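Peer 1: Sequence:
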Amino acid sequence: MSAPIRSLYCLPLLALALAACQRDVPAPAQPAAGQTPPPVEAVQPLEETPAELKDVVEMDPKFIVGISYPPEANRYPGLAAELHRYAQGAREELMEAVGGAELQPGTMYDLSLNFSTLVDTPDMLAIAADGSSYTGGAHDNPLIERFVWLVREQKLLTAETLVPGEGDWKVISGYVREQLHAALSQRIDADELEPDERSRLIRSAGKMIDEGSGPDVANYQQFEPIPGAGGKLSGLRFVFPPYQVGPYSDGVQTVDVPAAILLPHVAPAYRDLFVQA
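So the sequence shown is residues -22 to -1, 1 to 255, counted in mature numbering (1 follows the signal peptide of the UniProt record, and there is no 0).
Not one of these hints is a red herring.
With a cut-off of at most 25 Å between alpha-carbon atoms, the simulated DSS-like pairs for lysine-lysine come out as follows:
id, residue 1, residue 2
1, Lys185, Lys148
2, Lys210, Lys133
3, Lys32, Lys133
The hints are simulated quantities; they were obtained by calculation from the structure and are not laboratory data.
Here the structure is a predicted model, which means the values were calculated and not measured.
With the sequences and hints as input, model every part of the structure.
Peer 2: Written as C-alpha coordinates, this is what we have:
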(Lines of atoms letter the chains of each structure in order from A and count residues from 1; the text may use other names and numbers.)
(Lines give C-alpha, C1' and ligand atoms only; values in the text may rest on other atoms or scores of the structure.)
Protein backbone atom coordinates (compact mmCIF):
# COMPACT_ATOMS: atom_id res chain seq x y z
CA MET A 1 0.00 0.00 0.00
CA SER A 2 1.42 3.41 -0.97
CA ALA A 3 2.54 5.97 1.59
CA PRO A 4 -0.19 8.51 0.67
CA ILE A 5 -2.90 5.93 1.23
CA ARG A 6 -1.40 4.90 4.56
CA SER A 7 -1.27 8.56 5.61
CA LEU A 8 -4.96 9.03 4.84
CA TYR A 9 -5.82 5.90 6.79
CA CYS A 10 -3.97 7.13 9.86
CA LEU A 11 -5.78 10.48 10.00
CA PRO A 12 -8.65 9.18 12.22
CA LEU A 13 -6.14 7.69 14.63
CA LEU A 14 -4.22 10.98 14.76
CA ALA A 15 -7.48 12.71 15.66
CA LEU A 16 -7.97 10.16 18.44
CA ALA A 17 -4.44 10.85 19.65
CA LEU A 18 -5.11 14.59 19.77
CA ALA A 19 -8.30 14.00 21.72
CA ALA A 20 -6.39 11.89 24.21
CA CYS A 21 -3.82 14.63 24.65
CA GLN A 22 -6.60 17.07 25.44
CA ARG A 23 -7.59 14.73 28.28
CA ASP A 24 -4.07 15.21 29.69
CA VAL A 25 -2.83 11.88 28.41
CA PRO A 26 0.74 12.64 27.27
CA ALA A 27 1.89 11.31 23.92
CA PRO A 28 5.36 9.76 23.84
CA ALA A 29 8.11 12.15 22.91
CA GLN A 30 9.52 11.81 19.39
CA PRO A 31 13.27 11.16 19.21
CA ALA A 32 15.46 14.05 18.16
CA ALA A 33 17.51 13.88 14.98
CA GLY A 34 20.35 11.43 15.33
CA GLN A 35 18.81 9.66 18.30
CA THR A 36 17.75 6.01 18.26
CA PRO A 37 14.00 5.51 18.81
CA PRO A 38 13.09 3.73 22.05
CA PRO A 39 12.41 -0.01 21.85
CA VAL A 40 8.90 -0.77 20.66
CA GLU A 41 7.99 -2.61 23.85
CA ALA A 42 8.97 0.44 25.94
CA VAL A 43 6.37 2.73 24.37
CA GLN A 44 3.18 2.88 26.44
CA PRO A 45 2.75 -0.87 26.98
CA LEU A 46 -0.77 -1.99 27.83
CA GLU A 47 -1.33 -3.20 31.35
CA GLU A 48 -1.57 -6.95 31.83
CA THR A 49 -4.58 -6.79 34.14
CA PRO A 50 -6.09 -3.28 34.10
CA ALA A 51 -8.48 -2.40 36.91
CA GLU A 52 -10.52 -0.41 34.40
CA LEU A 53 -10.61 -0.42 30.61
CA LYS A 54 -9.48 2.92 29.20
CA ASP A 55 -8.91 4.13 25.67
CA VAL A 56 -5.38 3.53 24.43
CA VAL A 57 -3.32 5.78 22.15
CA GLU A 58 0.26 4.96 21.22
CA MET A 59 2.43 6.84 18.74
CA ASP A 60 5.90 5.99 17.56
CA PRO A 61 7.96 6.75 14.43
CA LYS A 62 7.10 3.25 13.19
CA PHE A 63 3.51 2.70 14.31
CA ILE A 64 0.32 4.17 15.72
CA VAL A 65 -2.28 2.41 17.88
CA GLY A 66 -5.79 3.51 18.75
CA ILE A 67 -8.11 1.36 20.91
CA SER A 68 -11.42 2.55 22.35
CA TYR A 69 -13.69 0.81 24.86
CA PRO A 70 -17.32 1.40 25.89
CA PRO A 71 -17.70 2.33 29.57
CA GLU A 72 -20.45 -0.30 30.02
CA ALA A 73 -17.88 -3.10 29.75
CA ASN A 74 -16.32 -2.11 33.08
CA ARG A 75 -19.48 -3.24 34.92
CA TYR A 76 -18.42 -6.85 34.41
CA PRO A 77 -14.75 -7.64 35.17
CA GLY A 78 -14.94 -10.96 33.35
CA LEU A 79 -16.11 -9.30 30.14
CA ALA A 80 -13.58 -6.51 30.53
CA ALA A 81 -10.83 -9.13 30.76
CA GLU A 82 -12.04 -10.76 27.52
CA LEU A 83 -12.03 -7.45 25.66
CA HIS A 84 -8.60 -6.55 26.95
CA ARG A 85 -7.25 -9.99 26.03
CA TYR A 86 -8.46 -9.57 22.46
CA ALA A 87 -7.03 -6.04 22.17
CA GLN A 88 -3.72 -7.13 23.67
CA GLY A 89 -3.47 -10.01 21.21
CA ALA A 90 -4.02 -7.66 18.27
CA ARG A 91 -1.44 -5.24 19.62
CA GLU A 92 1.13 -7.98 20.18
CA GLU A 93 0.73 -9.14 16.57
CA LEU A 94 1.37 -5.58 15.42
CA MET A 95 4.45 -5.27 17.62
CA GLU A 96 5.86 -8.53 16.27
CA ALA A 97 5.47 -7.25 12.73
CA VAL A 98 7.04 -3.89 13.57
CA GLY A 99 9.95 -5.47 15.37
CA GLY A 100 10.74 -7.89 12.55
CA ALA A 101 10.29 -5.71 9.48
CA GLU A 102 12.27 -3.12 7.61
CA LEU A 103 9.76 -0.41 6.92
CA GLN A 104 9.76 1.43 3.64
CA PRO A 105 10.15 5.22 3.92
CA GLY A 106 6.79 6.81 4.67
CA THR A 107 5.13 3.52 5.67
CA MET A 108 3.33 3.48 9.01
CA TYR A 109 2.12 0.31 10.68
CA ASP A 110 -1.10 0.84 12.59
CA LEU A 111 -3.84 -0.74 14.68
CA SER A 112 -7.32 0.76 14.91
CA LEU A 113 -9.78 -1.11 17.14
CA ASN A 114 -13.16 0.08 18.38
CA PHE A 115 -15.33 -1.79 20.89
CA SER A 116 -18.97 -0.67 20.79
CA THR A 117 -22.12 -1.68 22.67
CA LEU A 118 -24.74 -3.54 20.62
CA VAL A 119 -27.22 -4.68 23.29
CA ASP A 120 -27.40 -3.70 26.95
CA THR A 121 -30.19 -5.38 28.96
CA PRO A 122 -30.47 -6.90 32.44
CA ASP A 123 -29.82 -10.29 30.82
CA MET A 124 -26.88 -9.53 28.55
CA LEU A 125 -24.33 -7.05 27.32
CA ALA A 126 -23.21 -7.54 23.73
CA ILE A 127 -20.06 -5.84 22.48
CA ALA A 128 -18.75 -5.59 18.92
CA ALA A 129 -15.05 -5.29 18.14
CA ASP A 130 -14.37 -3.80 14.71
CA GLY A 131 -11.14 -2.50 13.31
CA SER A 132 -8.10 -3.26 11.24
CA SER A 133 -4.37 -3.71 11.53
CA TYR A 134 -1.78 -2.86 8.90
CA THR A 135 1.38 -4.96 9.13
CA GLY A 136 2.48 -4.67 5.51
CA GLY A 137 1.13 -5.96 2.25
CA ALA A 138 -1.55 -4.79 -0.13
CA HIS A 139 -4.22 -3.94 2.44
CA ASP A 140 -5.19 -3.91 6.10
CA ASN A 141 -6.09 -7.03 8.07
CA PRO A 142 -9.70 -6.81 9.31
CA LEU A 143 -10.38 -7.33 13.01
CA ILE A 144 -13.90 -8.67 13.66
CA GLU A 145 -15.05 -10.16 16.97
CA ARG A 146 -18.32 -10.32 18.91
CA PHE A 147 -18.77 -10.76 22.67
CA VAL A 148 -22.15 -11.68 24.22
CA TRP A 149 -21.94 -11.57 28.01
CA LEU A 150 -24.63 -13.32 30.05
CA VAL A 151 -25.19 -11.22 33.15
CA ARG A 152 -26.76 -13.89 35.37
CA GLU A 153 -24.16 -16.52 34.53
CA GLN A 154 -21.28 -14.08 34.30
CA LYS A 155 -19.83 -15.75 31.21
CA LEU A 156 -19.65 -15.41 27.46
CA LEU A 157 -22.36 -17.02 25.37
CA THR A 158 -20.66 -19.07 22.66
CA ALA A 159 -22.04 -20.70 19.53
CA GLU A 160 -21.17 -24.13 20.96
CA THR A 161 -23.25 -23.66 24.11
CA LEU A 162 -26.11 -21.89 22.33
CA VAL A 163 -26.58 -24.60 19.68
CA PRO A 164 -24.82 -27.74 20.97
CA GLY A 165 -26.05 -30.28 18.41
CA GLU A 166 -24.07 -30.84 15.21
CA GLY A 167 -27.24 -31.73 13.33
CA ASP A 168 -28.88 -28.48 14.41
CA TRP A 169 -26.25 -26.48 12.57
CA LYS A 170 -27.31 -28.10 9.29
CA VAL A 171 -30.66 -26.30 9.45
CA ILE A 172 -29.11 -22.97 10.43
CA SER A 173 -26.41 -23.37 7.80
CA GLY A 174 -28.97 -24.10 5.11
CA TYR A 175 -30.87 -20.91 5.87
CA VAL A 176 -27.68 -18.81 6.02
CA ARG A 177 -26.34 -20.17 2.75
CA GLU A 178 -29.63 -19.49 1.00
CA GLN A 179 -29.51 -15.85 2.12
CA LEU A 180 -25.86 -15.44 1.11
CA HIS A 181 -26.43 -16.91 -2.35
CA ALA A 182 -29.43 -14.63 -2.85
CA ALA A 183 -27.38 -11.57 -1.86
CA LEU A 184 -24.58 -12.68 -4.20
CA SER A 185 -26.99 -12.93 -7.13
CA GLN A 186 -28.37 -9.45 -6.40
CA ARG A 187 -24.87 -7.92 -6.30
CA ILE A 188 -23.83 -9.57 -9.56
CA ASP A 189 -27.08 -8.67 -11.30
CA ALA A 190 -26.56 -5.04 -10.31
CA ASP A 191 -23.20 -5.05 -12.13
CA GLU A 192 -24.86 -6.05 -15.43
CA LEU A 193 -22.05 -8.40 -16.44
CA GLU A 194 -21.72 -10.45 -19.58
CA PRO A 195 -23.26 -13.94 -19.19
CA ASP A 196 -19.88 -15.73 -19.17
CA GLU A 197 -18.41 -13.39 -16.58
CA ARG A 198 -21.55 -13.59 -14.46
CA SER A 199 -21.43 -17.38 -14.52
CA ARG A 200 -17.75 -17.39 -13.54
CA LEU A 201 -18.33 -15.09 -10.58
CA ILE A 202 -21.36 -17.07 -9.43
CA ARG A 203 -19.27 -20.26 -9.39
CA SER A 204 -16.19 -18.81 -7.65
CA ALA A 205 -18.03 -16.72 -5.06
CA GLY A 206 -20.63 -19.44 -4.56
CA LYS A 207 -17.87 -21.90 -3.69
CA MET A 208 -16.59 -19.52 -1.00
CA ILE A 209 -20.10 -19.25 0.42
CA ASP A 210 -20.54 -23.01 0.55
CA GLU A 211 -17.18 -23.53 2.24
CA GLY A 212 -17.44 -20.63 4.69
CA SER A 213 -21.04 -21.21 5.80
CA GLY A 214 -21.10 -24.99 6.04
CA PRO A 215 -22.69 -26.72 9.08
CA ASP A 216 -19.57 -26.40 11.22
CA VAL A 217 -19.89 -24.42 14.45
CA ALA A 218 -16.47 -22.88 13.71
CA ASN A 219 -18.12 -20.90 10.90
CA TYR A 220 -20.61 -19.28 13.26
CA GLN A 221 -18.47 -17.98 16.11
CA GLN A 222 -19.35 -14.32 15.50
CA PHE A 223 -22.96 -13.37 16.15
CA GLU A 224 -24.96 -10.41 17.42
CA PRO A 225 -28.26 -10.50 19.35
CA ILE A 226 -31.16 -8.80 17.55
CA PRO A 227 -33.43 -7.04 20.09
CA GLY A 228 -37.13 -7.91 19.98
CA ALA A 229 -40.31 -7.27 21.95
CA GLY A 230 -40.36 -7.38 25.74
CA GLY A 231 -36.61 -7.32 26.13
CA LYS A 232 -36.28 -10.65 24.32
CA LEU A 233 -34.30 -11.40 21.17
CA SER A 234 -36.00 -11.64 17.78
CA GLY A 235 -33.05 -13.52 16.33
CA LEU A 236 -29.30 -13.51 15.78
CA ARG A 237 -27.17 -11.76 13.20
CA PHE A 238 -24.25 -13.94 12.11
CA VAL A 239 -21.18 -11.97 11.05
CA PHE A 240 -18.71 -13.20 8.43
CA PRO A 241 -15.40 -11.37 8.00
CA PRO A 242 -13.80 -10.80 4.59
CA TYR A 243 -12.56 -13.98 2.89
CA GLN A 244 -14.90 -16.32 4.81
CA VAL A 245 -17.89 -16.23 2.45
CA GLY A 246 -16.58 -13.89 -0.23
CA PRO A 247 -13.55 -12.01 -1.52
CA TYR A 248 -11.94 -9.18 0.43
CA SER A 249 -13.68 -6.64 -1.80
CA ASP A 250 -17.09 -7.81 -0.53
CA GLY A 251 -16.17 -6.77 3.01
CA VAL A 252 -18.02 -8.00 6.10
CA GLN A 253 -21.22 -9.90 5.33
CA THR A 254 -24.08 -10.64 7.74
CA VAL A 255 -27.18 -12.82 7.78
CA ASP A 256 -30.11 -12.34 10.17
CA VAL A 257 -31.63 -15.62 11.35
CA PRO A 258 -35.06 -15.17 13.02
CA ALA A 259 -35.93 -16.75 16.35
CA ALA A 260 -38.55 -18.97 14.69
CA ILE A 261 -35.77 -20.80 12.86
CA LEU A 262 -33.30 -20.78 15.73
CA LEU A 263 -35.50 -21.83 18.65
CA PRO A 264 -35.93 -25.55 17.83
CA HIS A 265 -32.13 -25.84 17.79
CA VAL A 266 -31.20 -23.64 20.76
CA ALA A 267 -30.20 -25.35 24.01
CA PRO A 268 -33.17 -25.37 26.46
CA ALA A 269 -31.30 -23.23 28.99
CA TYR A 270 -31.17 -20.30 26.55
CA ARG A 271 -34.55 -20.45 24.83
CA ASP A 272 -36.05 -17.92 27.22
CA LEU A 273 -33.69 -15.30 25.78
CA PHE A 274 -35.72 -15.30 22.56
CA VAL A 275 -39.20 -14.20 21.57
CA GLN A 276 -41.35 -17.31 21.57
CA ALA A 277 -43.21 -17.97 18.32
